[in-house]
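Asker: With the hints as extra help, turn the sequences into a complete structure.
2 protein chains.
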Amino acid sequence: MKLSAVTIKDISRELNLSTSTVSRALRDSHEISIETKQLILDYARKINYKPNRNAQSLKEKKSHSIGVIVSEIANSFFSQVINGIESIASKNGYTVNISQSMESAERELMNLEYLTSSFIDGLIISVSTETKNHLYLKEVHEKGLPIVFVDRVIDEIETHKVIADNFKGAYKATKHLINKGYSKIALVSNHAGLSIAKERLEGYKVALSEAKIPVKDNMIVFCDHGGMLYSEVESAMNSLMRLRTKPDAIFAGSDKITTGCMRFMKNKKIRVPEELALIGFSNNDLTELLSPPLSVIKQPAFEMGEAAMTLLLSMMESKRPQQKFETRIQSTELLIRKST
Amino acid sequence: MKLSAVTIKDISRELNLSTSTVSRALRDSHEISIETKQLILDYARKINYKPNRNAQSLKEKKSHSIGVIVSEIANSFFSQVINGIESIASKNGYTVNISQSMESAERELMNLEYLTSSFIDGLIISVSTETKNHLYLKEVHEKGLPIVFVDRVIDEIETHKVIADNFKGAYKATKHLINKGYSKIALVSNHAGLSIAKERLEGYKVALSEAKIPVKDNMIVFCDHGGMLYSEVESAMNSLMRLRTKPDAIFAGSDKITTGCMRFMKNKKIRVPEELALIGFSNNDLTELLSPPLSVIKQPAFEMGEAAMTLLLSMMESKRPQQKFETRIQSTELLIRKST
DNA sequence: TATTTTAACGCAATCGTTCCCGACAACAAT
DNA sequence: ATTGTTGTCGGGAACGATTGCGTTAAAATA
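Chains Y and W supply the protein sequences, listed in that same order.
So in the working numbering, the last one in the first sequence is 340, and the numbering has no gaps at all.
So in the working numbering, the last one in the second sequence is 340, and the numbering has no gaps at all.
Don't take each hint at face value.
Which copy is meant is left open, because identical chains are indistinguishable; a pair holds if it fits in one copy or across any two.
As the list claims (entries may be wrong) - Think about it this way: if two alpha-carbon atoms lie no more than 20 Å apart in a straight line, the pair counts; the simulated EDC-like pairs of lysine to aspartate or glutamate are:
1. 50 to 106
2. 338 to 106
3. 175 to 333
4. 298 to 202
5. 180 to 210
6. 266 to 288
7. 143 to 10
8. 338 to 288
9. 50 to 142
10. 319 to 60
11. 184 to 275
12. 298 to 232
13. 138 to 42
14. 91 to 106
15. 269 to 285
The set of hints was computed from the structure by calculation and includes no laboratory data.
Answerer: Written as C-alpha cells, this is what we have:
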C-alpha cells in the first residue's frame, strides 16, 4: 500500500486554474499575479501539497540524490565521512543513498549498477579492497556521471579526489616510533593494491630509510580485506610473531587493523608497549580509553566528507564537463599516547 | 552536467519496433515472440540499457526506496542496525536513504518532510531524544506511509515496532551489580521521555526493589541528548559525585553515555571497579578492549535492523492497510567483564 | 471455403511536472 | 483607428516506462 499524494491537478481543479498556472505559482514565477499566487500557495499549504520528486526528476533529468559507496558503515572512519557528506548534502537539497561494499568487488558492482540506473546525479566512492577492475566505474564516468573519490582512489580515473596525507601520516608515525627507540618496526598493511596502502607503505619505507634502518619484506604483512575479519589480522600478526627477530613495534595500516592488532595483543597477553609497541591509523574515539591508550594517526574524516560533497556539488551543478580536477590532500593528526 | 542515458525509444528506433514491444520484451512478456525478445535483449545489453527508475517510479507510484532516520550514523548501535536494514533491503531491490537527526527534533522533521515528498515507499525511524510532538509523523502514517519503529518508539502510533528487551536488559544489569555486592547504584539515563529510557528505568527500579534497595531520585540523572556531547555526561556524573553518599556503581543507559562515563572516570582517575563500578548499554566492539574491559548490555543491533526491514517489506508489499501490528522484542545479551 | 481463434505487435493514454507557445484581454503609443 | 506592448493565464507536448485495447495476419476450426 502507498500514501495517496495530492498533486498539482488537485489544486488546479479545486481553484479552477490550469496546472501550468499552479506549477508556475508554486515556483514563484513572475508571470502569475500576486493574488492568484497567494491563493494557490495558501491552498497548497492547506492541503499539504508536496511536489512529486519522481515526476520532477523525470522532467528535469535530475534526481537531486547522490550515491555513496563505502566498504562498511559500521567503521568509525567511514561513518564520520558520511556524516560530513550528509551535512553538506542536506543543506543543498540532496538526498544521500548509502550502500556498502563490505570489501567485496561483487557487491560493489551490484550497488553501482543499481545506483546508476539514471537515479543518482553523482557518486562518492571509496573503493573496496578487492576492486581491481574498474571498467564499469570508468564507463559511467565517461558517460558523464560526476564521481568523487574519497580515501581510496583509482588513479586511472581522472576526477576530483579527497584523501588524507597518507604518506606523511605514515612517515610521522614511523618516525615517531624510531625516535622512541624502536628499530624493528613491522607494518600490518591493508591490501597492497589500495592507493592508501601504497602511500602509507611509502611513508613507512622513507622514514626507515632516513634512519638507515633496512626495510625487510618479512616485516611487512598484508590484510587483504582491510581487517574486516579478525582472523585476517590474527594470522598476519602470528606470522610476525613467528619471526626469528620479532618486531618491537607495530604500525597498523587501517582502523580495523589497528583495533585488530590491539585485540591480538590482549588475547596473547602481550604487554604494550613494553614487549610490543603499537600505533596505527584510526578514527575510533575509544582508542583513547584503551589500555594503554593507543597512539594513532587520525584522519580528518568529517572534513573529508564535507570536501568530497562540496566538490561533487560543483561538478553536478556545472553546465559543462569539467576539465580541471583537483586532489585535495588533508593532513592527518598524530596523537601520541601510551602505546608507543 | 548529467549522464545521457539510453532509453527504450533508442532501442525501438534502432530495431524498428514500438516502445510497447520493447518494454514487454524487457519484462519478458509472453506476448512477444522469442526471436524478437532475443533481438531486443541482445541489443539492450549491447548498448547497456538501464531502465529509468524515476520513470518507473512515477508510473508504478512506487520508488523502491525507503527512508531511514536515526540520530547518528557514527554510533555503533545505529550503524549496525543500518547494516541489518541494508542487507535485507538490497536483497529485495530497495535503496536505502539515510539521514541523521543528530538528536534534534528540527532536523528530524526536515528530513522527514524531505523524504516523504512522494519519494519513499516506507520509513524506518528511531526518533530523536528531542522529539515530543509527532504530529507530522502521525499525519504521514495516517495517510498510509508504512512506518516501522526501531529501538526508540512512539507508543501513540500503531505500527510495527522492533525493540530490544530493555526492561530485562536493565533488570539483569542492575541485578548483576547487586549480586556483586554493590548497593549504591546510580543510573545515568537517556532523555526521560524516550521509550527506551522509560523501560530501562523500570528494569533498574524493579531490580532494586526486589533487592529491597530503596530507589533514590538523586541517584538517577539524565542526559537529554543521549550523551551526544561529552559535557552532558560530565555534568551528570559530576552531580552524582557531589552527592553525600556517592554511588559505588554506575549503570549507563546508552552507548554514548556508557563510553562517556568511562571517559569521565579516566579523566578523574577514578579506579574501576574498585572505586566505582560501571556497566551500561553498548554495542561498541572496543568496550572489550578497554581497561578494564567494560561489562555491557549488548543489543542485537544487526538483527533488529533485519527485522525492521522485513516488517517494512511486508507492509509495503501488502495490498491493503494492515490491521495487526507486532512489536518484536529481541533479547539483549549481558556481557560480564572486569568493570563490575 | 467461411469463420473463429490466436499469436505478435502497435497505438495511445497515463503517471505528475515543467515549459514552450500561444490567446486574450487591457492599455499605451502611433 | 490601428498597431504594439504588457500582464495573466491555458493548451498541450514533453520526460521514460507501462499497459489496456485494437489491429493484422496466419493458423485452426467448422
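Asker: How would you label the pair residue 298, residue 202 (within, between, both, or neither) given a Cα cut-off of 20 Å?
Answerer: within (18 Å within a copy, 40 Å between copies)
Asker: Taking 20 Å as the upper bound on the Cα-Cα distance, should residue 180 and residue 210 be classified as within, between, both, or neither?
Answerer: Within one copy only: 15 Å inside, 55 Å across.
Asker: Under a CA distance limit of 20 Å, which applies to residue 266 and residue 288: within one copy, between copies, both, or neither?
Answerer: both (16 Å within a copy, 10 Å between copies)
Asker: For residue 319 vs residue 60, is the C-alpha pair at or below 20 Å within one copy, between two copies, both, or neither?
Answerer: within (14 Å within a copy, 31 Å between copies)
Asker: Cα distance capped at 20 Å. Does residue 50 pair with residue 142 within a copy, between copies, both, or neither?
Answerer: Answer is between: at 16 Å across copies they meet the 20 Å cutoff, but 35 Å inside does not.
Asker: Under a CA distance limit of 20 Å, which applies to residue 269 and residue 285: within one copy, between copies, both, or neither?
Answerer: between (23 Å within a copy, 19 Å between copies)
Asker: Given a CA cutoff of 20 Å, do residue 184 and residue 275 count as a within-copy pair, a between-copy pair, both, or neither?
Answerer: Within. Shortest intra-copy distance 12 Å satisfies the 20 Å Cα cut-off; inter-copy 40 Å does not.
Asker: Checking an output row: residue 338 and residue 106, CA cutoff 20 Å. Within, between, both or neither?
Answerer: The answer is neither: 40 Å in one copy and 41 Å across copies each exceed 20 Å.
Asker: Please sort residue 298 with residue 232 into within, between, both or neither, judging by C-alpha distance up to 20 Å.
Answerer: Answer is neither: 23 Å inside a copy and 25 Å across each miss the 20 Å cutoff.
Asker: Pop the pair residue 50 and residue 106 into one bin, within, between, both or neither, using alpha-carbon distances up to 20 Å.
Answerer: between (38 Å within a copy, 18 Å between copies)
Asker: When no copy is named, should residue 175 and residue 333 be tagged within, between, both, or neither for a Cα gap of at most 20 Å?
Answerer: within (14 Å within a copy, 43 Å between copies)
Asker: My question is about residue 143 and residue 10: at a cut-off of 20 Å on alpha-carbon distance, are they close within one copy, between copies, both, or neither?
Answerer: Between copies only: 16 Å across, 39 Å inside.
Hint check: violations occur at hints 2, 12, 13; the rest are consistent with the structure.
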